[in-house]
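A.B. asks: Listed below are the residues making up each chain.
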Amino acid sequence: MSLTEAENIFAGLNEQGLNTILSAVFTARPRQLNYRTSPSVAAVPASASSWTTLPTIAFPGVPGGIDYAVRFSIPRVDFFPQTQPLPPPLNLVAGQFSLQTEVDLTLLCSRSADREGSGKPVGVRLGVAATGQPVVQVTGPGKGTVSLDLLAVEIVDITPDPLESLVECLVLTLLRAVLSSVALPFESLRAGAFSLNLLRGPETEDDQLKLYGAAV
Amino acid sequence: MPDILTAVDETAANVIMSKEISSLAPLAASRNSTFGPFSIEWELSASFSQGTIDIIPPPADVIRIAGVRLSYHAELKLTLDLGFLDFCLPQVCVTLPFIGRVCTPRVCLSFPTIEVPVSHSSTVDFTADVRPSVTLAGDEWKVEAVIVGVPQLVLGPAATALLGVIGGAVTAALLLVPAIGPLLALASAVILASLTVANLLGVLGALLNPLVAGLRIPLYKSPRLFEILPASGQDSAVFVRLDSVVATLDDSGGEDELVLAIDISS
Numbered sequence: 000m001s002l003t004e005a006e007n008i009f010a011g012l013n014e015q016g017l018n019t020i021l022s023a024v025f026t027a028r029p030r031q032l033n034y035r036t037s038p039s040v041a042a043v044p045a046s047a048s049s050w051t052t053l054p055t056i057a058f059p060g061v062p063g064g065i066d067y068a069v070r071f072s073i074p075r076v077d078f079f080p081q082t083q084p085l086p087p088p089l090n091l092v093a094g095q096f097s098l099q100t101e102v103d104l105t106l107l108c109s110r111s112a113d114r115e116g117s118g119k120p121v122g123v124r125l126g127v128a129a130t131g132q133p134v135v136q137v138t139g140p141g142k143g144t145v146s147l148d149l150l151a152v153e154i155v156d157i158t159p160d161p162l163e164s165l166v167e168c169l170v171l172t173l174l175r176a177v178l179s180s181v182a183l184p185f186e187s188l189r190a191g192a193f194s195l196n197l198l199r200g201p202e203t204e205d206d207q208l209k210l211y212g213a214a215v
Numbered sequence: 000m001p002d003i004l005t006a007v008d009e010t011a012a013n014v015i016m017s018k019e020i021s022s023l024a025p026l027a028a029s030r031n032s033t034f035g036p037f038s039i040e041w042e043l044s045a046s047f048s049q050g051t052i053d054i055i056p057p058p059a060d061v062i063r064i065a066g067v068r069l070s071y072h073a074e075l076k077l078t079l080d081l082g083f084l085d086f087c088l089p090q091v092c093v094t095l096p097f098i099g100r101v102c103t104p105r106v107c108l109s110f111p112t113i114e115v116p117v118s119h120s121s122t123v124d125f126t127a128d129v130r131p132s133v134t135l136a137g138d139e140w141k142v143e144a145v146i147v148g149v150p151q152l153v154l155g156p157a158a159t160a161l162l163g164v165i166g167g168a169v170t171a172a173l174l175l176v177p178a179i180g181p182l183l184a185l186a187s188a189v190i191l192a193s194l195t196v197a198n199l200l201g202v203l204g205a206l207l208n209p210l211v212a213g214l215r216i217p218l219y220k221s222p223r224l225f226e227i228l229p230a231s232g233q234d235s236a237v238f239v240r241l242d243s244v245v246a247t248l249d250d251s252g253g254e255d256e257l258v259l260a261i262d263i264s265s
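If you're matching them up, the sequences are chains A and B in order. Last residue of the first sequence? That's 215 in numbering that gives the first Met the number 0, and every number before it is there in order. Last residue of the second sequence? That's 265 in numbering that gives the first Met the number 0, and every number before it is there in order.
FYI, nobody ran anything at the bench for these hints, they're computed from the structure. Treat the numbers as computed from the prediction; the structure is a model and nothing was measured. Do not take every clue at face value.
Computed footprint of chain B on chain A; a stretch qualifies when at least three of its residues, placed anywhere within it, have a C-beta under 8 Å from a C-beta of chain B [claimed, not checked]:
#1 17-28
#2 150-156
#3 184-190
#4 199-213
Idealized CB from N, CA, C, for every residue including glycine.
Using the sequences and the hints, build the whole thing.
C.D. replies: What follows is the structure, encoded as structure tokens:
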């Protein structure tokens, strides 16, 4: 089978290429992986621009609200067919990708009612596995973006099961939001070569994200 | 497997390369040539268009472009030194009875150097074989289709037409030269004998062949530091480095394709 198949132009991004791009994006923009209510939650970041400041969680009787932090490591993607192991019940099928990352969830735990002068960070690092599918948005002739949407997250070894489900739901929600901030232009997926009007794709197979189209 | 793999089939290559060929900046060439009593300054501009693409993978390993049209416009300035027509009427003396010796004055005619402008436009179609060439110049990757060998340009009809145009312009210019009347036929004969189709073919070929031989059709151009995401709000632009670019012609999948393989690093 030719690369262009029934179409005229093909662009394929290998999973290693996408991981290089994700590494570049999140290294240049660390605040898209780091969220916290104040610098005192978890380790002090390199600079103010390396995290996104969030409001505290308001709760009646908690002065100033609850401080917390969420930090993801740079995710790594595996396109179908499966190369990286996945914990059950996750299963990678054609058209999908899997994703591996770690998340640090930290809470500034206050032991007295007075928020000032107290608070000890309590955190946990969890390994996260997920599956998802690429989502395309066409914005004009030859123009559009591809982003990564998650379908399911699995975090192993949390008991009881309802707690695992709760944490997985939380992480899925957060990670989906993180990934939505990375919408890669078609031009980036083909390194500027051979502009195409998208006719088919994105498809994930042969360890690649594939776009098919016609000349603009 | 390369990080990024892109490919076009012949249908897309026809669209892309025809567009690129038509977008090439006009080329220019100039030359001076001398033929007998006159010289010619040539100023020539040329552009390319059309062409049908045929990707021919190894072992030929070329992209054949049939029917490329080279359109050119030549501005010629002919300088005719009519000195070869100069002549003197000899002095004639006779001895007359009762008058003595009588001589006619010696009369000489000098003809000027005249300039004749000639404009000429024409086209020539040719078939060229090109091959992708990858270069990293400074911090820019370029893939261009460059000519493999110089195609034969059929310039005979153009040279014949040009000769006719020059002949007409020269004759018209000669008619304006004072006192040339009796010598017009001689002047035209000498000049046009100096200027042949073969002469013009030689000059046209010398002007046009280098333009064709230097033909470079852009296929891909990118800075080595490629912008993946533009700057947005407080976020700066994100770049990856293009470490290698490889261009090949391939038919392993059963269809002739031009393939670019690109490796990147962060």
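A.B. asks: If a hint holds in the structure, say so; if it doesn't, say that too.
C.D. replies: Here's how the hints hold up against the structure:
Counting residues of the segment 17-28 of chain A whose beta carbon lies closer than 8 Å to any beta carbon of chain B gives 8, which meets the minimum of three for the stated coverage. For the segment 150-156 of chain A, the stated coverage by chain B is not satisfied: 0 residues place a CB nearer than 8 Å to a CB of that chain, which falls below the threshold of 3. Here the segment 184-190 of chain A counts 5 residues with a CB under 8 Å from a CB of chain B, which clears the bar of 3, and the coverage holds. For the segment 199-213 of chain A, the stated coverage by chain B is satisfied: 3 residues place a CB nearer than 8 Å to a CB of that chain, which reaches the threshold of 3.
Violated hints amount to a single one, hint 2; each of the other numbered hints is respected by the structure.
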